[in-house]
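Given chain A, put chain B in place with the hints provided.
Listed below are the residues making up each chain.
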Amino acid sequence: MNIASHTRLAFTATTHSPEDTMRLGQRIGSLLEPGDVIALFGSLGSGKTTLVKGIGLGLGMKDSREVRSASFLIIAEYKARIPIYHFDAYRLDGPEDMYNLGCDELFWGDGVSIVEWADRVEGSLPEEYLEVSLSIESPNSRRVEVSSHGKRYERIVRGLEGKGP
Amino acid sequence: MLILGIETTCDETSAAVVEDGLILRSNIVSTQERLHLRFGGVVPEIACRAHVEAVLPAVDRALEDARIILREIDAIAVATTPGLIGALLIGLTSAKTLAWLLKVPLLAVNHLHAHIFASKLEFGHSLQFPTISLLVSGGHTSLYLSQSETQHLLLGATLDDAVGEAFDKVAKLLGLAYPGGPEIERIAQEGDPTAVPFPRPYLEPGSLDFSFSGLKTAVLYHYQGLQKIKGRLSKKEIADIAASFQEAVVDVLVNKTLLALERHPVKGVVLGGGVACNSRLRNRLAQALENVPVRLYYPPPVLCTDNAAMVAGLGYYEYLEKNLASLEVEAVA
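Those protein sequence lines, which keep their order, are chains A and B. The first sequence: position 64 = 64 (the working numbering), numbered continuously. The second sequence: position 28 = 28 (the working numbering), numbered continuously.
Simulated from the structure, these hints should not be mistaken for laboratory data. Be aware that a few hints might be false.
Stated by the list, open to error - Incomplete in silico selection of chain A near chain B, CB under 8 Å:
{"id": "1", "residue": "G45"}
{"id": "2", "residue": "R65"}
{"id": "3", "residue": "S71"}
{"id": "4", "residue": "L73"}
{"id": "5", "residue": "I74"}
Unchecked claim - What follows is a set of in silico ranges between Cβ atoms, one per label pair, in the way DEER data are often shown:
{"id": "6", "chain 1": "B", "residue 1": "R186", "chain 2": "A", "residue 2": "K151", "range": "51 to 57 Å"}
{"id": "7", "chain 1": "A", "residue 1": "G35", "chain 2": "B", "residue 2": "K230", "range": "45 to 51 Å"}
{"id": "8", "chain 1": "A", "residue 1": "R155", "chain 2": "B", "residue 2": "P199", "range": "36 to 42 Å"}
{"id": "9", "chain 1": "A", "residue 1": "E19", "chain 2": "B", "residue 2": "V292", "range": "33 to 39 Å"}
{"id": "10", "chain 1": "A", "residue 1": "K62", "chain 2": "B", "residue 2": "K230", "range": "45 to 51 Å"}
{"id": "11", "chain 1": "B", "residue 1": "V302", "chain 2": "A", "residue 2": "E128", "range": "48 to 54 Å"}
{"id": "12", "chain 1": "B", "residue 1": "V292", "chain 2": "A", "residue 2": "G123", "range": "36 to 42 Å"}
{"id": "13", "chain 1": "A", "residue 1": "R158", "chain 2": "B", "residue 2": "K228", "range": "36 to 42 Å"}
{"id": "14", "chain 1": "B", "residue 1": "V302", "chain 2": "A", "residue 2": "E161", "range": "56 to 62 Å"}
{"id": "15", "chain 1": "A", "residue 1": "E66", "chain 2": "B", "residue 2": "T194", "range": "31 to 37 Å"}
The beta carbon of each residue, even a glycine, is placed where N, CA and C say it ideally should be.
Just chain B, with the same shape it has in the complex:
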């Protein structure tokens, strides 16, 4: 079964073809990052206009790469929630139109669940649910108990800033480029992660929720304090702050994941979302799981960030469970 996936929840316009849920036939991601570089963030009007222009060419190229024609598509999957409402609508309207035109089923997919599914595209049947799933991105930070490809029980989420957002805001504060995550990771390599004892926000004991707003503010105080004493900060001082901040974030993410695992002893941990590209997080999680019979799964970078392959793949499992969407289905921000 060939499913065409469409993803336009935020920055990326993406279309992909996946066969039987697991075989990646094509995955086209036309990123708007260059557009946003000028602004240091996402500007919704620009994002929406760019989605309109990019979505059909992305579909065409996805079909071309998969060496099929439109009529061979058996179903259309689209991410309908969550995201920027204007951006979501463009993907959804395209998907509805194609499904109606081709008279094939429409599958509405949760973007966050699709990020968890991304690892399944990489590992296939060797990834077996249930798992503890940690989703970390620019807009989201959540822990789930994933019972199957389609069923995810939310265990905890951020109460304020998402991890990726904290990375972006701290990067901006330190005068680094957008997007902030990769920049902090790069600069942190030259820094000492123990240089600054930033707070580890764990919230009340046993909580699986997250809070990164106070940590962001702690970085601000530290940075401004140093500036007052020294004027301009050296490259090494910036690197130390970046490394110490990253370490504080990773500590919290790793420890909360272990706590979730303690409560729900499953055999796998899935990491997903843009921040899952962060190698410090990957390595620290791998280390933490070294001596326990729990396997760590994470997708390659291209499937960590927003992409339509994960949408098409999860769409197949929604199809198997007969969760077909009607043409009236709505996007939910």
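Okay, chain A solo, but in the shape it has when bound:
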């Protein structure tokens, strides 16, 4: 099946605290494989970095405190079951900035790449990726939609569904 005709699978959940968001991240993290790319969408304060902390735990990081906002460094790298490349495009100005950072090399490498503020650099994402969109429903709750772009990522959405919401 080519990508254009691929039907997106989506999994939606509502989280009710940062800890809850982190737990969802942890479940996503436990389903990841080398070479996976995750694009995070969501406004300021929607829980993107919190989700990354959870993904880190799901990938076997011992201490999620190592995961911080990467807005300053733009790329942070963490040691885990699979190396994690944490991108933060908050201060970037388009896909070209991502290319100039060498994102391609990392996207096609053996690590897991997570891109915060993916909407700012959408053109630099590979054809296939896992989209995670976070939105603020109320001060304490976040709607999180996880959807597959490409067949490769269907397993993650199915995996999340399998374990229930």
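Positioned in the frame of chain A, the structure of chain B alone reads:
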């Protein structure tokens, strides 16, 4: 001993000459802020290209200001960590090349430790370690027990956003200009710091770590809530939010510093990093230390923000401890 310092960890390209670790002979900072103004942040490719163009002219001017020629330099110090990797590499490669060319020692300096050292440039031998050191900048928020110029024990750090980053993001949210820190401080002067009871994120009792992400989100909720009711916010309302946000940040920074001091009763507190320019933070810390025998040190604004003088100065102390770097030394983001 004359040390040439080079600093290219983030926005600023800087070169400086410092004599015997404490005498500031020159300090050239060519800021990229004007470039970044267009984007509201740092764009790494632009940052790196600008560093390439600025680094050698900055070295030339630093030598000129110090009234020396390149051959008189006894060692080269360079900040090798942490920062934007591409930016770090430009400073490091320049420094390695110069050290190799001149056949002088190369000194690899930690940028964060250099920020703490900046106060030593200002106060000289009257600043004696150990101290509690609070480092607050766009990329970092950390508390250290500083045992000497070169030895710093990390006591706590931010778990999410750095203080300067929270200032920048809140400024953007409020429609203020970049860089956000100075703008918030300026506008806060016309606001009431008690107007909005924003949360003070202390984490678990006794923690010396920081978290400013939730506070940033609280400002967002408050701002959006007011917008829904009133439409456009008045200048006074924006000023109140800015002042209340700043106060919440300063409360946490001051109280955690006092807690660190309680655990490690030393005689000095050092403030460093770009946010150390914030006068509310300076004044509140000074007030808090008024009745205790603890002296507060902070550098003048030009040595708070990124600069090579602090790198050259700390490089001297690394040299005294024979911590010489090889030409293979690597930059670490």
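Each hint, compared with the structure:
Below 8 Å, beta-carbon pairs count as interface contacts, and G45 (chain A) has one with chain B at about 3 Å; its hint therefore holds. A least Cβ separation of about 5 Å between R65 (chain A) and chain B falls short of the 8 Å threshold, and the interface hint therefore holds. Checking S71 (chain A) against chain B: minimum C-beta separation of about 5 Å stays under 8 Å; hint holds. About 6 Å separates the beta-carbon of L73 (chain A) from the nearest beta-carbon of chain B, less than 8 Å, and the hint is met.
Nearest Cβ of chain B to the Cβ of I74 (chain A): about 6 Å, under the 8 Å cut. The hint holds. The hinted range of 51 to 57 Å is satisfied by R186 (chain B) and K151 (chain A), whose Cβ atoms lie roughly 53 Å apart. Distance hint check for G35 (chain A) and K230 (chain B): the Cβ-Cβ separation is about 49 Å, which falls inside the suggested range of 45 to 51 Å. Between R155 (chain A) and P199 (chain B) the beta carbon distance is about 40 Å. The supplied range of 36 to 42 Å therefore holds.
The hinted window of 33 to 39 Å between E19 (chain A) and V292 (chain B) holds, with their beta carbons roughly 38 Å apart. Checking the proposed 45 to 51 Å range against K62 (chain A) and K230 (chain B) shows it holds: the Cβ atoms sit about 47 Å from each other. The hinted window of 48 to 54 Å between V302 (chain B) and E128 (chain A) holds, with their beta carbons roughly 49 Å apart. At about 56 Å, the CB distance of V292 (chain B) to G123 (chain A) disagrees with the hint of 36 to 42 Å.
A hinted range of 36 to 42 Å holds for the C-beta pair R158 (chain A) and K228 (chain B), which are about 39 Å apart. Taking the beta carbon of each, V302 (chain B) and E161 (chain A) are about 57 Å apart, inside 56 to 62 Å as hinted. At roughly 36 Å, the beta carbons of E66 (chain A) and T194 (chain B) sit within the given window of 31 to 37 Å.
When held up to the earlier numbered hints, the structure conflicts with hint 12 and nothing else.
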